[in-house]
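S.K.: For reference, the chains in residue letters:
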Amino acid sequence: MSSDIVTVPETGTPPAPVRVPLPRRRARARRGLTRWLLVVVLAVLSLPFVFPTWWMATSSLKPMSEILRRVPTLWPQDPSFDAYGRVFTLQPFAQQYWNSLYIAVVVTLGTMLVAAMAGYAFARIRFPGANALFVLVLVGLLVPSEVTIVPLFRIVNTLGLVDTHWPLIVVPVLGAPAVLAVFIMRQFFLGLPTELEEAGRLDGLGRWGVFWRIAVPLSRSALGAVAIFTFLKSWNLYLEPVVYLSSKESFTLPQALTQYVDAYGGPMWNVQLAATTLTVLPVLAVFLVAQKQFVQGLAHSGLKG
Amino acid sequence: MAASAAVRRDRLVGYTMVAPVVLGSLAFVVLPLVMVVWYSLHEWNVLANTFTFVGAENYQRMVADPGLADALRATVWFSIGLVVVNIALALLLAVLLNQRLPGTTTFRTFFFSPVVVSLVAWTIVWSFLLQADGGINGFLSVLGVEGPNWLRRPEAAMAAVIIVQVFKNVGLNMILFLAALQGVPEELQEAARLDGAGAWRRFRSVTLPLISPTVLLVSIITIVGSLEVFAQIDVLTGGGPGSSTTVLVYYLYQQAFRFNEFGYASAIAVLLFVIVLVLTLLQWQSRKRWVFHEL
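First to last, the protein sequences are chains A and B. Going by our numbering, the first sequence runs without a break in its numbering and finishes at 288. Going by our numbering, the second sequence runs without a break in its numbering and finishes at 873.
Note that these hints are calculated values from the structure, not bench results. Quick caveat: nothing in here was measured; it's all calculated off a predicted structure. Honestly, I wouldn't trust all of these hints.
[Stated by the list, open to error] Dumping the calculated SDA-like pairs for lysine to any residue here, alpha-carbon to alpha-carbon at most 25 angstroms:
#1 A:Lys216 x B:Trp862
#2 A:Lys275 x B:Val854
#3 A:Lys216 x A:Trp81
#4 A:Lys216 x B:Ile801
#5 B:Lys746 x A:Ala210
#6 A:Lys216 x B:Ala757
#7 A:Lys216 x B:Asn676
#8 B:Lys746 x A:Ser230
#9 A:Lys275 x B:Phe837
#10 A:Lys216 x B:Val854
#11 A:Lys275 x B:Ala605
#12 A:Lys231 x B:Trp862
#13 B:Lys746 x A:Val199
#14 B:Lys746 x A:Trp38
#15 B:Lys746 x A:Ile197
#16 A:Lys231 x B:Asn676
#17 A:Lys216 x B:Leu609
#18 A:Lys275 x B:Asp812
#19 A:Lys216 x B:Arg678
#20 A:Lys275 x B:Leu609
#21 B:Lys746 x A:Gln242
#22 B:Lys746 x A:Phe34
#23 A:Lys275 x B:Pro680
#24 A:Lys231 x B:Phe837
#25 B:Lys746 x A:Pro265
#26 A:Lys216 x A:Leu188
#27 B:Lys746 x A:Val23
#28 B:Lys746 x A:Val22
#29 A:Lys275 x B:Asn838
#30 B:Lys746 x A:Arg107
#31 B:Lys746 x A:Ala268
#32 A:Lys216 x B:Ala605
#33 A:Lys216 x B:Phe837
#34 B:Lys746 x A:Leu73
#35 A:Lys216 x A:Ser230
[Said to hold, decoys possible] Far from chain A, by Cβ distances over 12 angstroms, these chain B residues were calculated:
#36 Pro726
#37 Arg730
#38 Gly749
#39 Val762
Ideal placement from N, C-alpha and C gives every residue a C-beta, glycine not left out.
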């Protein structure tokens, strides 16, 4: 490159351009070039993030012969929706889709309610033992679901609820997965000024009235974050359905997706990818529309509060 | 001292509001934790219908079990590989996105999008791409490189599991780093620039020290998360080839639900819990320092 770059000797690091005095216009031109190079780097880096989804959607439209071709085709030469038909004939896929959807919706609404109530009470109401109870609840943050899966399976089995959706609904709403939501709601209410609530009390609202009419509407952003990561968590749940469910009619989507295999146990790629596309695209579409909320909500859950 | 009626009523509301999650924690967190410790002291095979108190025998078995040693080794490799690649890539992406380049929002969307894709779906697509004659090797052959049979060779399989997981979730860490980067004062960068520091030097001497608490925190969170990897392994490799990708959680699952060794699986669960506990306490410790740093 040009002589206006001096490399600082620093082993194991990329050459560091150090600015030396030079005419303004040349500096700007060089920066423009660097910037475009960086854009190219970003474009290359985004391939492994974007390409699999593209590949999934296009391959689901290819016949098996084209899928197995050595040098891949970027676009199906002879697109057909055959695989999509077989998605529904090989398994009760519509039923499984409904299972995932209604479970995720119920878990999301239930978690929002439970977390808003508990978060509000822990943040606002003084009652003896509140701190001890909060610490007890926080234990859930320390327990990966794999640790308790054996005893939970035992409990579910004893109650005769194996191969039902109850454990996939009740445990997430009340158990460890809800704790993060409680924590986030409590943090939110702690940071909320109390004046509006006090005004509500002066207007004669009781505690429940203040909660429903004032606190909950004000907490829409935090509830949105809770809703997004709770829904995705339920929608993606895998270990628990694999452990609890045994009949195809009761399967949820992640488990169902792995079942598209031929008589020899080999995957039927185009059918499997068609089912996967049907699972992924709606969520991706919602993400593209409500991107800001998704990023914020998931960043919350990523940081665990 | 008797509380007034209003105060008592308020307390009652408080108890009612926390009741669901408190009772739920007792039933689905605390009780199972006690149970799992209790089970770990028993020889319990579900098929054979045995349930005998054996004291610490399961723990002694763990010490002598080569399968568990393999699983721990695989877990360490997986966690280290994941955290190194993930943090490095997340930092790189965050720094690039922080340059106010054209198209930044689009690229951010690209990098983040796998986070919202179902994990099993993402893994299935990658397993398709990673077949011996799949898209990745097809792409490599165009470049003149002969790719390995990713999922049938031990080292390649471990690398594949790590890579698939990194691309899935690195967007989340990228966002956390991006937020930290945007908190680095512009004046400090400018001062370093006037002192003649190049881009790399500014990053290493100004930016990195300022965001290092975030890097530490995110690293620990990523390690804890890496211990809970199950679906990826199950779909991509089934723990294989051999036991090369059988991490601790997968070993636990196999012992419990393949071999019906509930007692032994419970002892492994206790080990997993202790490891996660130590790491999480470490995380809270580092969070305290982080908060202090911000003050």
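S.K.: Indicate, hint by hint, whether the structure satisfies it.
M.R.: Hint check:
Straight-line distance between C-alpha atoms of Lys216 (chain A) and Trp862 (chain B) comes to about 23 angstroms, which keeps the hinted pair within the 25 angstroms bound. In summary, the hint linking Lys275 (chain A) to Val854 (chain B) is not supported, as the alpha carbons are separated by about 31 angstroms, beyond the 25 angstroms threshold. Straight-line distance between C-alpha atoms of Lys216 (chain A) and Trp81 (chain A) comes to about 16 angstroms, which keeps the hinted pair within the 25 angstroms bound. Simply put, Lys216 (chain A) and Ile801 (chain B) have alpha-carbon atoms about 19 angstroms apart, close enough for the 25 angstroms limit, and the pair holds.
The hinted pair formed by Lys746 (chain B) and Ala210 (chain A) meets the criterion: a straight-line CA distance of about 21 angstroms does not exceed 25 angstroms. Between Lys216 (chain A) and Ala757 (chain B), the direct Cα distance comes to roughly 24 angstroms. Compliance with the 25 angstroms bound is thereby established for this hinted pair. Restraint check for Lys216 (chain A) and Asn676 (chain B): not satisfied, since their Cα atoms lie roughly 29 angstroms apart, outside the 25 angstroms limit. Distance check on the hinted pair: Lys746 (chain B) and Ser230 (chain A) sit about 29 angstroms apart at the alpha-carbon level, beyond 25 angstroms; violated.
With a C-alpha separation of about 45 angstroms, the suggested pair Lys275 (chain A) and Phe837 (chain B) falls outside the 25 angstroms cut-off, and the hint is violated. Between Lys216 (chain A) and Val854 (chain B), the direct Cα distance comes to roughly 20 angstroms. Compliance with the 25 angstroms bound is thereby established for this hinted pair. For the hint linking Lys275 (chain A) to Ala605 (chain B), the alpha-carbon distance of about 36 angstroms lies beyond 25 angstroms, and the restraint is violated. The suggested pairing of Lys231 (chain A) with Trp862 (chain B) is violated, with an alpha-carbon distance near 42 angstroms, which exceeds 25 angstroms.
Taking the CA atoms of Lys746 (chain B) and Val199 (chain A), the gap is near 33 angstroms; set against the 25 angstroms cutoff, the hint is violated. A C-alpha spacing of about 15 angstroms is found between Lys746 (chain B) and Trp38 (chain A), which places the hinted pair at or below 25 angstroms, so the restraint holds. For the proposed pair Lys746 (chain B) and Ile197 (chain A), the alpha carbon gap of about 39 angstroms is over 25 angstroms, so the pair is violated. A distance of roughly 47 angstroms separates the Cα atoms of Lys231 (chain A) and Asn676 (chain B); the hinted pair therefore is violated under the 25 angstroms criterion.
With a C-alpha separation of about 23 angstroms, the suggested pairing of Lys216 (chain A) with Leu609 (chain B) holds against the 25 angstroms cut-off. Note on Lys275 (chain A) and Asp812 (chain B): the hinted pairing is violated, with a Cα-Cα distance of about 32 angstroms set against a maximum of 25 angstroms. Proposed proximity of Lys216 (chain A) and Arg678 (chain B) is contradicted: the alpha carbons are some 33 angstroms apart, above 25 angstroms. Note on Lys275 (chain A) and Leu609 (chain B): the hinted pairing is violated, with a Cα-Cα distance of about 38 angstroms set against a maximum of 25 angstroms.
Between Lys746 (chain B) and Gln242 (chain A) the CA atoms are separated by roughly 22 angstroms; this keeps the pair inside 25 angstroms, and the hint holds. Of the pairs offered as hints, the one joining Lys746 (chain B) and Phe34 (chain A) holds, with about 12 angstroms between alpha carbons and a cut-off of 25 angstroms not exceeded. Simply put, Lys275 (chain A) and Pro680 (chain B) have alpha-carbon atoms about 19 angstroms apart, close enough for the 25 angstroms limit, and the pair holds. For the suggested pair Lys231 (chain A) and Phe837 (chain B), the alpha carbons sit about 23 angstroms apart, so the restraint of at most 25 angstroms is met.
About 18 angstroms separates the Cα atoms of Lys746 (chain B) and Pro265 (chain A), which keeps this hinted pair within 25 angstroms; it holds. Annotation: proposed proximity of Lys216 (chain A) to Leu188 (chain A) is violated, straight-line Cα distance about 36 angstroms (limit 25 angstroms). Taken as a hint, the Lys746 (chain B) and Val23 (chain A) pair is honoured in the structure, with Cα atoms around 22 angstroms apart against an allowance of 25 angstroms. Distance restraint check for Lys746 (chain B) and Val22 (chain A): the Cα-Cα separation of roughly 22 angstroms lies within the 25 angstroms cut-off, and the hinted pair is therefore satisfied.
Between the alpha carbons of Lys275 (chain A) and Asn838 (chain B) the distance comes to roughly 45 angstroms, so the proposed pair goes past 25 angstroms and is violated. For the suggested pair Lys746 (chain B) and Arg107 (chain A), the alpha carbons sit about 38 angstroms apart, so the restraint of at most 25 angstroms is broken. Annotation: proposed proximity of Lys746 (chain B) to Ala268 (chain A) holds, straight-line Cα distance about 17 angstroms (limit 25 angstroms). The suggested pairing of Lys216 (chain A) with Ala605 (chain B) holds, with an alpha-carbon distance near 21 angstroms, which does not exceed 25 angstroms.
For the given pair, Lys216 (chain A) sits about 28 angstroms from Phe837 (chain B) by alpha-carbon distance, which is inconsistent with the 25 angstroms threshold. In summary, the hint linking Lys746 (chain B) to Leu73 (chain A) is not supported, as the alpha carbons are separated by about 29 angstroms, beyond the 25 angstroms threshold. Of the pairs offered as hints, the one joining Lys216 (chain A) and Ser230 (chain A) holds, with about 22 angstroms between alpha carbons and a cut-off of 25 angstroms not exceeded. Taking the minimum C-beta to C-beta distance to chain A, about 16 angstroms, the non-interface status of Pro726 (chain B) holds against the 12 angstroms cut.
With a closest Cβ-Cβ approach of about 14 angstroms to chain A, Arg730 (chain B) is found to remain outside the 12 angstroms limit, as its non-interface label requires. Under the 12 angstroms C-beta cut-off, the non-interface status given to Gly749 (chain B) relative to chain A is violated; the minimum distance is some 8 angstroms. Here Val762 (chain B) stays apart from chain A, with its beta-carbon at least about 18 angstroms from theirs, past the 12 angstroms limit.
In summary, the numbered hints that this structure violates are 2, 7, 8, 9, 11, 12, 13, 15, 16, 18, 19, 20, 26, 29, 30, 33, 34 and 38.
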